[in-house]
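On the provided structure of chain W, position chain G as indicated by the hints.
Residue numbers (the working numbering), protein chains in the order written: chain W, 384 to 722; chain G, 250 to 791.
No lab work stands behind these hints: they were computed from the structure.
For every residue, glycine included, the Cβ atom is placed at its ideal position computed from N, Cα and C.
Check each hint, because a few of them may be wrong.
[Unchecked claim] Covered stretches of chain W, as calculated for chain G (at least 3 residues, CB under 8 Å):
| id | segment |
| --- | --- |
| 1 | 418–426 |
| 2 | 430–437 |
| 3 | 460–472 |
| 4 | 475–483 |
| 5 | 601–611 |
| 6 | 670–680 |
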Amino acid sequence: MKFREYVIYRLVLAVFVIVGVITVVFFISRVIPSDPAALWVGAHPTPEAIEKAREQLHLNDPILKQFGYYLWSLLHGDLGVSIRTHNPVAADLKSAFTATFELILVAEFIAIIIGIPLGVYSAVKKDSWLDNLSRIFAISGVSLPAFWFGIVLQLIFFKRLGLLPLAGRVDTVVMLEHPLHVITGFYLLDSLITGNFPVFVDALRHLILPAVTLAMYPVGLITRQVRSMMIEVLNENYIRTAWAYGLPPRKIYFKYALKNAIAPALITVGLSFAYTLIGAFLVELIFNWPGLGRYAAYAIMSMDYPAVLGVTIIAATAYVFINLIVDLIQVRIDPRIKL
Amino acid sequence: MRKEIAVFVLAIVIFGVVASGCISGGNTSTTQTQSTTSKQSSTAEKTTTNVVIYGYQSEMITLDPSTEFSNSIVVLANVYECLVKYTPDGLKPWLATSWESNKNGTIWTFHLRKGVKFHTGNLMTAEDVKWSVERTMRMGMGPAFIWDPVKKIEVVDNYTVKFYLKYPANLPLIASSAYGAYIMDSKYLSKLGDDKAIAAWFNKGQDAGTGPYMIVKDKYNPKTEIVLKKFDDYWGGWSNDQFDLAVIKIIPDASLREQMVTSGEIQITRDLPLDDLPKLKNNPNVKVDQTPSYQELYAFFNTKKAPLNNKLVRQALSYAVPYKDIVDYVLHGYGEVAKGPIPKGMLGYFEDMKTYTYNLDKAKQLLAQAGYPNGGFKLMLTYTQGDQAEAKVAEIIKAEWKKLGIDVEIRPMNWEQQWALAKSDPTKAQDILMMYWWPTYPTPYDFLFNMFHCEKEINFNLCYYCNEEFDKAIDKAVTLEGIQPDKAASLYKKAEQMLVEDAPAIFLYNPDDVYVYHKSISGFKDNPGYPQVVFFYELHKA
Numbered sequence: 384m385k386f387r388e389y390v391i392y393r394l395v396l397a398v399f400v401i402v403g404v405i406t407v408v409f410f411i412s413r414v415i416p417s418d419p420a421a422l423w424v425g426a427h428p429t430p431e432a433i434e435k436a437r438e439q440l441h442l443n444d445p446i447l448k449q450f451g452y453y454l455w456s457l458l459h460g461d462l463g464v465s466i467r468t469h470n471p472v473a474a475d476l477k478s479a480f481t482a483t484f485e486l487i488l489v490a491e492f493i494a495i496i497i498g499i500p501l502g503v504y505s506a507v508k509k510d511s512w513l514d515n516l517s518r519i520f521a522i523s524g525v526s527l528p529a530f531w532f533g534i535v536l537q538l539i540f541f542k543r544l545g546l547l548p549l550a551g552r553v554d555t556v557v558m559l560e561h562p563l564h565v566i567t568g569f570y571l572l573d574s575l576i577t578g579n580f581p582v583f584v585d586a587l588r589h590l591i592l593p594a595v596t597l598a599m600y601p602v603g604l605i606t607r608q609v610r611s612m613m614i615e616v617l618n619e620n621y622i623r624t625a626w627a628y629g630l631p632p633r634k635i636y637f638k639y640a641l642k643n644a645i646a647p648a649l650i651t652v653g654l655s656f657a658y659t660l661i662g663a664f665l666v667e668l669i670f671n672w673p674g675l676g677r678y679a680a681y682a683i684m685s686m687d688y689p690a691v692l693g694v695t696i697i698a699a700t701a702y703v704f705i706n707l708i709v710d711l712i713q714v715r716i717d718p719r720i721k722l
Numbered sequence: 250m251r252k253e254i255a256v257f258v259l260a261i262v263i264f265g266v267v268a269s270g271c272i273s274g275g276n277t278s279t280t281q282t283q284s285t286t287s288k289q290s291s292t293a294e295k296t297t298t299n300v301v302i303y304g305y306q307s308e309m310i311t312l313d314p315s316t317e318f319s320n321s322i323v324v325l326a327n328v329y330e331c332l333v334k335y336t337p338d339g340l341k342p343w344l345a346t347s348w349e350s351n352k353n354g355t356i357w358t359f360h361l362r363k364g365v366k367f368h369t370g371n372l373m374t375a376e377d378v379k380w381s382v383e384r385t386m387r388m389g390m391g392p393a394f395i396w397d398p399v400k401k402i403e404v405v406d407n408y409t410v411k412f413y414l415k416y417p418a419n420l421p422l423i424a425s426s427a428y429g430a431y432i433m434d435s436k437y438l439s440k441l442g443d444d445k446a447i448a449a450w451f452n453k454g455q456d457a458g459t460g461p462y463m464i465v466k467d468k469y470n471p472k473t474e475i476v477l478k479k480f481d482d483y484w485g486g487w488s489n490d491q492f493d494l495a496v497i498k499i500i501p502d503a504s505l506r507e508q509m510v511t512s513g514e515i516q517i518t519r520d521l522p523l524d525d526l527p528k529l530k531n532n533p534n535v536k537v538d539q540t541p542s543y544q545e546l547y548a549f550f551n552t553k554k555a556p557l558n559n560k561l562v563r564q565a566l567s568y569a570v571p572y573k574d575i576v577d578y579v580l581h582g583y584g585e586v587a588k589g590p591i592p593k594g595m596l597g598y599f600e601d602m603k604t605y606t607y608n609l610d611k612a613k614q615l616l617a618q619a620g621y622p623n624g625g626f627k628l629m630l631t632y633t634q635g636d637q638a639e640a641k642v643a644e645i646i647k648a649e650w651k652k653l654g655i656d657v658e659i660r661p662m663n664w665e666q667q668w669a670l671a672k673s674d675p676t677k678a679q680d681i682l683m684m685y686w687w688p689t690y691p692t693p694y695d696f697l698f699n700m701f702h703c704e705k706e707i708n709f710n711l712c713y714y715c716n717e718e719f720d721k722a723i724d725k726a727v728t729l730e731g732i733q734p735d736k737a738a739s740l741y742k743k744a745e746q747m748l749v750e751d752a753p754a755i756f757l758y759n760p761d762d763v764y765v766y767h768k769s770i771s772g773f774k775d776n777p778g779y780p781q782v783v784f785f786y787e788l789h790k791a
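The shape of chain W in the complex, shown without the other chains (with noise of 0.2 Å):
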C-alpha cells in the first residue's frame, strides 16, 4: 500500500471511529432518566416554560429523530447549543479545547526531555543509584495521583515560596493591562506573535505548575519504557560492535541504541496523550485552568447532553488522530515496519 493511500484509508476508518462514538455516547446519554428541558430553564420554572423548552429542544420528538437533527446540524458544523449555559458548544469547546491542548502539549514536552533522558542513562548505568533514584521517581510519577502532586506543589511554589501563582491561565490584571491579541487560542504562541511580553512571561508563570503535575504521568512512562527498551539494545551485537570500534559513549547512547529503543517509547507517547487529557481533568480542577476538562466535568455533572458530545467528538478525534500521527512517524523511523 502506498503512503498516501494508507493515510486515505486511516482517515476514512477514523470517521467511522468517531460516528460511532458519536452514537453511543449520544444514546447512552439521552436514555440516563433526566430531564433536559428542566435543566434548560433554571431554578424554578412553570410547567408553560418546561414544556415551551421541550418543544424547543425537540424533547417531545422520538428519539431517533432527535439523534437525525444532531447529525444533521453536525454536518453543517453545528454542535448544539449547551443545555446548562445557553451557549452554542462549538464556542465553548474553541477556548476549552485550545486552554487544555496548550497546558498537555508543554506537559508532554517536559515529560519528553525528562523522561527520554532519563530512561536512556538509568539503562546505561543499570542498578546504580542513579537508576534507582530514576525508578523510584518513575514509579511514583505514574502512582501517584495528580490531584495530591499538584496540591503539594501549589503549597511549596505558591504558598511557601510564592515564586508561582496559585491557578488560573493568566492573571487578570496583567490582562486588562496587556490585552492580548488572540489568533489561535494559544497565549504562550499569542503573546509571542504579538509581542506581549507580559502576558507571555505570566502565562508561562501559570503553566509551569500545571504542567509539570500533568507530565509526572507521562514522565514516569516514557523513562520506564526507553529504561526496558534501551537495556535490550544495549545488548544487541551491534552496539558491541559500535564499542569495538571506539566510538565515544555519548554517540553510542544516543545515536545508535536510541534510535532502535525509541520506536516503542513513541507509541507510549502517542498513548499518553490521551492519559493526559483524563489527567487533565483533575489537574484542570485544582489550577482553575479553563479548560475541556473543566467543561467536561461540569457538563456530565448536568446531564448537559449536547455537551457532553462535543466533548466527546473532540476528545476522540484528537486520539484518533495522534494514533495515526504516531503510527506514521513509526513508519519513518522503523524500516521493519512496512505499510
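This is chain G only, laid out in the frame that chain W set:
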C-alpha cells in the same frame, strides 16, 4: 532521532492549531476586530490596577435580562437596575423615585428618576420601562411569570408610567425582582431586530442598562471571567475610592477560592467550606460576613401515600428531628432553625410561630395514636446528589427515626431525576424529598403558592398538599401585600399555622449567606433579595 521527535511535536502543534481553527469556524474575523478595539481601549486603562475581583463558583448563563433566571444576575444586577430596590429594611427607590397605587392596588403609578443615562448614551424614560416589561412578558421565559398580574402598561409622560393590573398585587415588590425586572434601553435595542436577535446581541457580552458598571465586551468570557468597567455617566456619581474595574472570576473549587481570598488575589468570595470559617475568622487578612439568606431547606412528606397520608404520623416525625443539632452539626452554626415555611427576615416570618421541637416521647406517643406504636414501616428519602448538607441531614434523620422503629432508605439523585420521580404518580413516588427553596422575589406567596397550593399538575408542590382554606388565605393575602401589609401578614400567619398543624413538610433550617472578603475592601453588605450578587458600586477601598 531528535529530529523525529521534533517532527512529532510539530505535527501535534499543527493538529491542535488546525483543529482549533476548525472549531472556531468563521468567527475569526469578528474576534480580530474585537481585539483591535481592545487594544485601543487598553491605552486608556493602562495606568489603572484599580480593580476588585469577586471569586464566584459557577459559570454565567445568558445575559438577556428578560429571560435570565440563574447565576448571571451576579452580572446583571451591577449592569442594570430595577424600578425599585429591595432591602431587608423595606423597598427603596432605584430607577423610580416614588410610586403609589389606587385604593385596591390594581393601578400602580411609578415616577421615574430624571437624567438617568443608559450605557448607550440615551436617556431613560417611561417608554423604556414599558418596552422592557412588555418584552419580558412577551418572551414568556424564565422569570416572566412575575409580571402575570399586569394587564396593561401606560406611558403617562416621559417620567411617569402606569401599570394596570388584572388583580391586586404588590407591584413595587415585583418591580424589585432580582430576575426579570431590569430596565433596558428600548431605543437602542428595538433597532436590532426581533427578540431573538436582541438576545443574541446580549449574549455576545453586551448590555444596554443604566447600572454603575458596564460589561467589557471583548473581555467577556462566561466560563472564566467577566470584566465590568465603571460607567462614567452613572446617575449616582462616583467617588475616588470606588473601583474602576470589577471582575467576576469563575473559580469552581472552594478551597482554591479560599486560598486566593486570603492571599489577596481576589477580594471577595462566598460558599467556602464551613469547616474553615472559624480559621478564617481569626485571619487578620480577611473579614467574614454572615447574613441570614432567604433560603430554606425542606423535607416534604408524601401526603398521598401511606403511612404519611396520616397527619399524626407526619406530626410525630416532625417532632423526631433534632433541629438544633442539625444546625450545629451541618451548618456549624451558620444558620438558624426554621420557624415555619418562611425564612427569617422576610415578610411572613413570625418569631412567635409555634413549630415543632425535638421531642422523641411526643413522637412515640403520636405514632402510637396513629396505630404504629413500634414504627415498623420503611420510608424512601430522596435528596440532590452532591449536596453535602442534605446528605448529612438525611443521615441524622435516618439515625433518629431508627429509634422509633422506622427504617429510612436514603437515595441521592441528580436533581432532574429527583424532580421527575416526584412529578410522576405520587402513590409510587418517594416518601420524603429534600429540597431548598428561595424566592424569585421576596414574597411569602412565592414559597406558599409554589410548594403548598393545590396543583392540578404537579410542579413544585412535592408534598402533594391540598387545603382549600389555606389556598384561600394566601390567595387573599397576596392581593393585600401592597396596600394593607398588616392584614396580609395576619392572613399569611393563619395560613402558615395551618401548614405547621398539617405538617406536610419538615421545616429544617435557613442557612446564612457567608461572604469572605479581603481587608483591602470595605462597604460590603449582603442583600438577600439579590442572591449571590455583590453590588460593586457599594464597595470602597479600605
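Hint by hint, here is what the structure shows:
1. 418–426: holds (count 7)
2. 430–437: Answer holds; 4 residues pass the 8 Å Cβ test.
3. 460–472: holds (count 5)
4. 475–483: holds (count 7)
5. 601–611: This one is violated; 0 residues, fewer than the three required, reach chain G with a Cβ under 8 Å.
6. 670–680: Contact hint for the segment 670–680 of chain W vs chain G: holds, 4 residues under 8 Å.
When held up to the earlier numbered hints, the structure conflicts with hint 5 and nothing else.
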